[in-house]
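Undergrad: Starting from the known structure of chain A, fit chain B onto it as the hints suggest.
Line by line, the protein sequences give chains A and B.
For what it's worth, my numbering labels the leading residue of the first sequence as 6, then goes sequentially.
For what it's worth, my numbering labels the leading residue of the second sequence as -8, then goes sequentially.
Honestly, the hints are just simulated from the structure, not real lab data.
None of the values given here were measured: they were computed from a predicted structure.
Check the hints yourself; a few may be wrong.
Derived pair list, reagent style EDC-like, types lysine to aspartate or glutamate, alpha-carbon separation capped at 20 Å [what the hints assert, rightly or not]:
no.: 1; chain 1: B; residue 1: 85; chain 2: A; residue 2: 246
no.: 2; chain 1: A; residue 1: 201; chain 2: A; residue 2: 282
no.: 3; chain 1: B; residue 1: 85; chain 2: B; residue 2: 161
no.: 4; chain 1: A; residue 1: 270; chain 2: A; residue 2: 282
no.: 5; chain 1: B; residue 1: 85; chain 2: A; residue 2: 274
no.: 6; chain 1: A; residue 1: 49; chain 2: A; residue 2: 282
no.: 7; chain 1: A; residue 1: 49; chain 2: A; residue 2: 60
no.: 8; chain 1: A; residue 1: 270; chain 2: B; residue 2: 89
no.: 9; chain 1: B; residue 1: 85; chain 2: A; residue 2: 15
no.: 10; chain 1: A; residue 1: 201; chain 2: A; residue 2: 177
no.: 11; chain 1: A; residue 1: 201; chain 2: A; residue 2: 176
no.: 12; chain 1: B; residue 1: 85; chain 2: B; residue 2: 172
Across the chosen pairs, the derived CB separations fall in these ranges [what the hints assert, rightly or not]:
no.: 13; chain 1: A; residue 1: 140; chain 2: B; residue 2: 22; range: 15 to 25 Å
no.: 14; chain 1: B; residue 1: 156; chain 2: A; residue 2: 185; range: 37 to 47 Å
no.: 15; chain 1: B; residue 1: 247; chain 2: A; residue 2: 137; range: 26 to 36 Å
no.: 16; chain 1: B; residue 1: 114; chain 2: A; residue 2: 141; range: 20 to 30 Å
no.: 17; chain 1: A; residue 1: 290; chain 2: B; residue 2: 29; range: 54 to 64 Å
no.: 18; chain 1: A; residue 1: 140; chain 2: B; residue 2: -2; range: 48 to 58 Å
no.: 19; chain 1: B; residue 1: 18; chain 2: A; residue 2: 186; range: 48 to 58 Å
no.: 20; chain 1: A; residue 1: 193; chain 2: B; residue 2: 41; range: 52 to 62 Å
no.: 21; chain 1: A; residue 1: 36; chain 2: B; residue 2: 156; range: 20 to 30 Å
no.: 22; chain 1: A; residue 1: 290; chain 2: B; residue 2: -2; range: 26 to 36 Å
no.: 23; chain 1: A; residue 1: 98; chain 2: B; residue 2: 1; range: 31 to 41 Å
no.: 24; chain 1: B; residue 1: 179; chain 2: A; residue 2: 278; range: 45 to 55 Å
Where chain B lies over chain A, by a calculated footprint (3+ residues, C-beta under 8 Å) [said to hold, decoys possible]:
no.: 25; segment: 26 to 40
no.: 26; segment: 103 to 114
no.: 27; segment: 144 to 152
no.: 28; segment: 166 to 173
no.: 29; segment: 247 to 256
no.: 30; segment: 267 to 277
Every residue gets a Cβ at the ideal spot worked out from N, C-alpha and C, and that includes glycine.
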Amino acid sequence: MASRSLLTSEQAWVRYALTTFALLFLLVFLLVPLVSVFWEALSKGWELYAAALTEYEAWQAIKLTLIAAAISVPLNLVFGVAAAWAIARFEFRGKSLLTTLIDLPFSVSPVVAGLMYVLLFGSHGWLGNWLSAHDIQIIFAVPGIVLATVFVTFPFVARELIPLMQAQGQDEEQAAIVLGASGFAAFWHVTLPNIKWGLLYGVILTNARAMGEFGAVSVVSGHIRGETNTIPLHVEILYNEYNFVGAFACASILAMLALVTLAIKTVIEWRIERQHEASLVRTQQARAALV
Amino acid sequence: MTFLAKRYSVLPGFGVSLGYAIFWLGLIVLLPLAALILKSSELGWGPFWETVSAPRVVASLQLSFGTAALAALINCVMGFLVAWVLVRYRFPGKRFVDALVDLPFALPTAVAGIALTTIYAPNGWLGQYLEPLGLKVAFTPTGIVIALIFVSLPFVVRTVQPVLEDLEGELEEAATCLGADRWQIFRRVIFPATLPALMTGSAMAFARATGEFGSVIFIAGNIPLVSEIAPLIIISKLEQYDYLGATAVAVVMLMLSFSVLFAINLLQWWTSRRHGMK
Chain A
6 MASRSLLTSE QAWVRYALTT FALLFLLVFL LVPLVSVFWE ALSKGWELYA AALTEYEAWQ
66 AIKLTLIAAA ISVPLNLVFG VAAAWAIARF EFRGKSLLTT LIDLPFSVSP VVAGLMYVLL
126 FGSHGWLGNW LSAHDIQIIF AVPGIVLATV FVTFPFVARE LIPLMQAQGQ DEEQAAIVLG
186 ASGFAAFWHV TLPNIKWGLL YGVILTNARA MGEFGAVSVV SGHIRGETNT IPLHVEILYN
246 EYNFVGAFAC ASILAMLALV TLAIKTVIEW RIERQHEASL VRTQQARAAL V
Chain B
-8 MTFLAKRYSV LPGFGVSLGY AIFWLGLIVL LPLAALILKS SELGWGPFWE TVSAPRVVAS
52 LQLSFGTAAL AALINCVMGF LVAWVLVRYR FPGKRFVDAL VDLPFALPTA VAGIALTTIY
112 APNGWLGQYL EPLGLKVAFT PTGIVIALIF VSLPFVVRTV QPVLEDLEGE LEEAATCLGA
172 DRWQIFRRVI FPATLPALMT GSAMAFARAT GEFGSVIFIA GNIPLVSEIA PLIIISKLEQ
232 YDYLGATAVA VVMLMLSFSV LFAINLLQWW TSRRHGMK
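Pulled out of the complex, with its shape left as it was, chain A reads as follows (with noise of 0.2 Å):
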């Protein structure tokens, strides 16, 4: 807003006052709470620090939660561009519902979305019986831990494509298609490097919340140290045994992976940008080319 003229800005003073005060606001909550982790984390110095992250029960956790995040984020990705593709490319009926019905995880509160997986695979649930006769255990196991974990991670990635891939318009795949281009051939070559940098965002949101999530997980994991605990439910489970420095470095593994979420999605947007910005520029020569 370099460009904006002195008569429709505010005056100097006021500036000034709301931007000092809108940052101090973000300094004490958001800020503060970041750097405390790492402080916490490294207040008995490096050696313990290292000593609690290389404990047996924190690589557990650690395996579990890249094992819970490997299998979800997948599932989720697929799920987000087949839906992108179905509500962005086609009209068909239903499709508004559709669309609340895939925001409706937002809306549910982790610890109900635990307690739903329950009720339904629990040993008291509507297929406990039918499970436990074939063995298969989900609750309290790692594959309710995967189920939770997909459900609060479930709108990420089809959030950020379908607006999006909505924007771009068809007119690249029809023309592709009409050029004799098979199906996965114009998604491949056409849609897919349009959508690249979206879609990445939406992978890393889901990642992130993946890694982190703690309500749902702590419901349908059982609390089993060294099996069924992931980080954040290890962190917890340190800091009620008042072992701080043990939580907060479990923690500051968490909060690093904010961070490179936070460097990776800043490098995203600008990319768009230029991607955005790229298009404008093509569209504006290629007119130019016709007059």
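TA: Here is chain B on its own, set in the frame of chain A:
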């Protein structure tokens, strides 16, 4: 799936993509939701009412929705201010601040919870200065509000920000030429245009805050009737194998948050229509 299609399209993959999307939605969202509702119908009306009208449950629902409403209201003001400053003013480190706003989306809630508790504890960085003033934050409802402000702030900022960016400068110039001062322009030109986005953002913040668990559980202190949130009631009922009780509370939470979302959607639709007609 062809019977659903309204118009012929040369693009392939309609049946496959829609079919898969509906299958996955059914499996992950609708089936578990149906299980919850079926389970609650097992209870019957009398016991259901008895469970959800117990003083501890009522207090927890009031607390969850009350603190969420207060946090949404504070974020409505502060989120708007942050978006305003980010869009309109220049200051050093703006890119960093802009990225920082998304921190609550990226930082796991349990991490936020233990960090906020440590800061606001009586011997914490901020708690030690608030305590002598008679302000207890950690282990009280005030702490819950602080945690909810943290988790729901980006919803307001990120919905208002693009609308402020797209506002046309010409309108403000015209208003200035016609003799309006800055405050009048803000009230009559800028604010009405951003109101629908502000309401959507606040509604999303509210919806997120009502069900929040991870960040709240550490700072709340969890004292029954005082600082025990509704999701915690569900968990403690589950730990006592009271599945029906947990289901009853969950159904009430779901109904409350869906009806609030529905009401706000209506309100937003009404505002945008009124604004569009002017």
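Undergrad: Compare the structure with each hint and give your call.
TA: Here's how the hints hold up against the structure:
{"no.": "1", "hint": "85/B with 246/A", "result": "violated, 40 Å"}
{"no.": "2", "hint": "201/A with 282/A", "result": "holds, 16 Å"}
{"no.": "3", "hint": "85/B with 161/B", "result": "violated, 25 Å"}
{"no.": "4", "hint": "270/A with 282/A", "result": "holds, 18 Å"}
{"no.": "5", "hint": "85/B with 274/A", "result": "holds, 15 Å"}
{"no.": "6", "hint": "49/A with 282/A", "result": "violated, 50 Å"}
{"no.": "7", "hint": "49/A with 60/A", "result": "holds, 16 Å"}
{"no.": "8", "hint": "270/A with 89/B", "result": "holds, 11 Å"}
{"no.": "9", "hint": "85/B with 15/A", "result": "holds, 19 Å"}
{"no.": "10", "hint": "201/A with 177/A", "result": "holds, 15 Å"}
{"no.": "11", "hint": "201/A with 176/A", "result": "holds, 18 Å"}
{"no.": "12", "hint": "85/B with 172/B", "result": "violated, 28 Å"}
{"no.": "13", "hint": "140/A with 22/B: 15 to 25 Å", "result": "holds, 22 Å"}
{"no.": "14", "hint": "156/B with 185/A: 37 to 47 Å", "result": "holds, 42 Å"}
{"no.": "15", "hint": "247/B with 137/A: 26 to 36 Å", "result": "holds, 35 Å"}
{"no.": "16", "hint": "114/B with 141/A: 20 to 30 Å", "result": "violated, 49 Å"}
{"no.": "17", "hint": "290/A with 29/B: 54 to 64 Å", "result": "holds, 60 Å"}
{"no.": "18", "hint": "140/A with -2/B: 48 to 58 Å", "result": "holds, 49 Å"}
{"no.": "19", "hint": "18/B with 186/A: 48 to 58 Å", "result": "violated, 32 Å"}
{"no.": "20", "hint": "193/A with 41/B: 52 to 62 Å", "result": "holds, 58 Å"}
{"no.": "21", "hint": "36/A with 156/B: 20 to 30 Å", "result": "holds, 24 Å"}
{"no.": "22", "hint": "290/A with -2/B: 26 to 36 Å", "result": "holds, 32 Å"}
{"no.": "23", "hint": "98/A with 1/B: 31 to 41 Å", "result": "violated, 20 Å"}
{"no.": "24", "hint": "179/B with 278/A: 45 to 55 Å", "result": "violated, 32 Å"}
{"no.": "25", "hint": "26 to 40", "result": "holds (count 12)"}
{"no.": "26", "hint": "103 to 114", "result": "holds (count 9)"}
{"no.": "27", "hint": "144 to 152", "result": "violated (count 1)"}
{"no.": "28", "hint": "166 to 173", "result": "violated (count 0)"}
{"no.": "29", "hint": "247 to 256", "result": "holds (count 4)"}
{"no.": "30", "hint": "267 to 277", "result": "holds (count 4)"}
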